[in-house]
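Chemist: This is what each chain is made of:
Protein chains: 2
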Amino acid sequence: MKFSVKRWFQGAVGLASLLALAACGNLQNADLSGTETTASSNKSASYQITGSTDGTQYSALLANGKYKVSTSRGLTVDQNSNTFNTSSFEAGLTTISKSNFSPEKYAFQEGQHISRTTANSWLKRESANNEAGLNPKDNGSTDPDKRAPIYLQEILEQDYLQRTNNSYQTAGVAIGLGLNEIDYYQKVQYGATFKTTISQAEREKQGKAMAVKILARLRKKKELADVTIVFGLYKQAANDSLVGGTYFATAVSKSGTTISEWKTLNQENGVLPVVNNQKAVNDGDADSFGNFKTKIQAFFPNLSGVTAQTHYENGTLQGMKIKISTQFFGVNEIQSFTQYVDTAAKRYLPANIPIEITISSVEGMQSFLSRESGDKDFYTHVFSSY
Amino acid sequence: MKFSVKRWFQGAVGLASLLALAACGNLQNADLSGTETTASSNKSASYQITGSTDGTQYSALLANGKYKVSTSRGLTVDQNSNTFNTSSFEAGLTTISKSNFSPEKYAFQEGQHISRTTANSWLKRESANNEAGLNPKDNGSTDPDKRAPIYLQEILEQDYLQRTNNSYQTAGVAIGLGLNEIDYYQKVQYGATFKTTISQAEREKQGKAMAVKILARLRKKKELADVTIVFGLYKQAANDSLVGGTYFATAVSKSGTTISEWKTLNQENGVLPVVNNQKAVNDGDADSFGNFKTKIQAFFPNLSGVTAQTHYENGTLQGMKIKISTQFFGVNEIQSFTQYVDTAAKRYLPANIPIEITISSVEGMQSFLSRESGDKDFYTHVFSSY
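Chains as they are written, first to last, in the working numbering: chain A, 393 to 778; chain B, 393 to 778.
One chain only, chain A, in its complex shape (with noise of 0.2 angstroms):
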């Protein structure tokens, strides 16, 4: 579940719901094949797993065979806001989440326990009619300095669920908490918008004394007061931004309501090639992507263009996502270009981390290229139809 400050009862993104889980210990390979085993309590269903895990991804559980829809739906995050946001922000949590719930052992469900009124006020201001709200009380200044900020955009909670004896229990619990470097906001109603910007400093301590809060909320609910429970600060990046936010810090409750420790994220995102005079986090890795984007625009004159986003951790680049926009639809050409791609890729971009490289046209993708880890060839593949 997803929730956001902003038109939260806005179209359906289609945010999903629950997926339960499979097997003591290691999850075992799905079983699609009809003969489903139904647990022996009576409010168990019968629970099948998406597929099987290599460690690195969680498996998810269906419940009767079917992806439950959550009973929230409906709630989604700003439309204005920016959709690296979107992206990140939720797979950033899931990344934060594996070092807590190995991927081996439990299974992964989107956030069940708290509910869409519950996000809803949390995410308001606190006032009078809304005790809970967890960003500030509107001090009546629009002033963009004078005025209480909105300091949190965005919760997200996803569930960490594991098998015992026949009954499926949520384990650990993870809370993104999307905190606002700029906060947009209009003085009248549809009237000009206006930007807050809210330090490094500010938003680290409302971000924790928020995560605070909700710890303690949590832990009255009986089915979570002993589970561990993760929470992530993350940045969202400004609504003009070209890549999105990145987590800043960190901390995990096993029990109780304090939390006696926050980790530090040491996070960047960037974009390549660098614009208005903006300095790019690494200038090693810039230039690389530099003779690349030189090199295959040298081949051929009629790309749109070619961009990267990069992300680093504690300064060392962690991968690079490439887009290559064409204008050609050829097959032939689509082929040709792709293995020239391939061939610079190899040559030019950085070694040893994961770099995914699409190709599209207008038309939609045509092919792409990807690299994992520690791997030496990219894997290529054009898109194709009878």
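Calculated from the structure, these hints are not laboratory results.
Do not take every clue at face value.
Identical copies carry no separate label here, and so any pair may be met within one copy or between two of them.
To be verified - Derived lysine-lysine pairs resembling BS3-like cross-links, with alpha carbons at most 30 angstroms apart:
id: 1; residue 1: 738; residue 2: 713
id: 2; residue 1: 768; residue 2: 490
id: 3; residue 1: 612; residue 2: 490
id: 4; residue 1: 529; residue 2: 768
id: 5; residue 1: 687; residue 2: 516
id: 6; residue 1: 738; residue 2: 768
id: 7; residue 1: 614; residue 2: 597
id: 8; residue 1: 738; residue 2: 687
id: 9; residue 1: 687; residue 2: 497
id: 10; residue 1: 538; residue 2: 612
id: 11; residue 1: 687; residue 2: 490
id: 12; residue 1: 497; residue 2: 738
id: 13; residue 1: 671; residue 2: 655
id: 14; residue 1: 738; residue 2: 671
Source: prediction; values computed, not measured.
Based on the hints, put chain B in the right spot on chain A.
Modeler: Quick look at chain B alone, frame taken from chain A:
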């Protein structure tokens, strides 16, 4: 180069061109490093190939490090026609070429020998002003069964090059003739569209006669006097078809202007699930696909569509291209669904054939799965961003 009988002056699709070749015998690795060798002849430029061949796909060469755009750039296929035809017409000719020109020894180049003007005149009807026209003279009738239909809808040339000493020469040419099953026409300009259906026997007869005429014309060109010329006759699928057409005959001319032997190609394309009480090409394959579709739709009720294109040769399934349309956008949801599709595909879809499965929302491709011929496991990739 690809030429269409209609709208040949319309906007550029970006068909492209001169790809020269590498090395005697087996093609060598691309040299992107800048140390390009210049051939000794005056007219020769320096050459690079797009990448090393695995023996199943052609390498293409770059002259002076560029993918030279064709002089006939701007010629385009009929914008009203089926885009599946565009793709399978081109890909099918390359497949036919492989049995005559091994990708290990020949490099690919888009057609350079039939100019734009020439192709235009060939595609038009024969007339006093256009003696070269391959389509029949207008007999004055507008009755579907009495008029002389347009048989030839498209021409496609592909060149295959070999290195001899320091120059790169066309060693083979493949010519595809796209022949109508249904000729769409108007009785008056901008009027209603009528159809003339052309029988297989007539299409074959006309196509073979045109191939002989084209062969004679190509042999008059000095540079093509002695090269191997391969012909492929292609049946264009109807405009409303959900799959492209197929090649039905092929012939090879090593020299001279007669075609001594035509080989029949028994190819058939299909779409699953079948609609309008049509019959599946193979009931067993249709059942397999039906089981797969049922399983994944049961899992997730928010799928907009699950369809497949199938390709048969001599009655045997050669591959499937499956498209799944979703209405969800969550990162973990896509991940879970892809894992489930992987499991279901392995269990229900026919074994030992290449299968491509794409999973897309209206916003674009979300993930894909691919299995090569003979493989047991699918390669899966979920697209993501930072």
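Chemist: Determine for every hint whether it applies to the structure shown.
Modeler: Verification of the hints:
With identical chains, the CA atoms of residue 738 and residue 713 are at most 30 angstroms apart both within one copy (15 angstroms) and between copies (29 angstroms). Taking CA atoms no more than 30 angstroms apart as the test, residue 768 paired with residue 490 passes in both settings, with 25 angstroms inside one copy and 29 angstroms between copies. Taking the shortest alpha-carbon separations for residue 612 and residue 490, only the intra-copy value of 25 angstroms comes in at or below 30 angstroms, while the best inter-copy value is 69 angstroms. For a Cα distance limit of 30 angstroms, the shortest separation of residue 529 from residue 768 qualifies neither inside one copy, at 54 angstroms, nor across copies, at 59 angstroms.
Taking identical chains as interchangeable, the C-alpha atoms of residue 687 and residue 516 are never at most 30 angstroms apart, the minima being 50 angstroms within one chain and 41 angstroms between chains. Proximity of residue 738 to residue 768 under the C-alpha cut-off of 30 angstroms is found in both arrangements, the shortest distances being 8 angstroms within a copy and 28 angstroms between copies. In the homo-oligomer, the alpha carbons of residue 614 and residue 597 lie at most 30 angstroms apart inside one protomer (29 angstroms), although the nearest pairing across protomers, at 80 angstroms, exceeds that limit. Proximity of residue 738 to residue 687 under the C-alpha cut-off of 30 angstroms is restricted to the intra-copy arrangement: shortest distance 12 angstroms within a copy versus 40 angstroms between copies.
For a Cα distance limit of 30 angstroms, the shortest separation of residue 687 from residue 497 across copies, 26 angstroms, qualifies, whereas the shortest one inside one copy, 45 angstroms, does not. Neither within a single protomer nor between protomers do residue 538 and residue 612 lie at most 30 angstroms apart by alpha-carbon distance, with minima of 35 angstroms and 84 angstroms respectively. Proximity of residue 687 to residue 490 under the C-alpha cut-off of 30 angstroms is restricted to the inter-copy arrangement: shortest distance 29 angstroms between copies versus 38 angstroms within a copy. For a Cα distance limit of 30 angstroms, the shortest separation of residue 497 from residue 738 across copies, 24 angstroms, qualifies, whereas the shortest one inside one copy, 36 angstroms, does not.
Proximity of residue 671 and residue 655 under a CA criterion of 30 angstroms is satisfied intra-copy only: 27 angstroms inside one chain copy versus 62 angstroms between copies. For the identical chains of this complex, residue 738 and residue 671 are intra-copy neighbours only, at 25 angstroms inside a copy versus 47 angstroms across copies, given an alpha-carbon limit of 30 angstroms.
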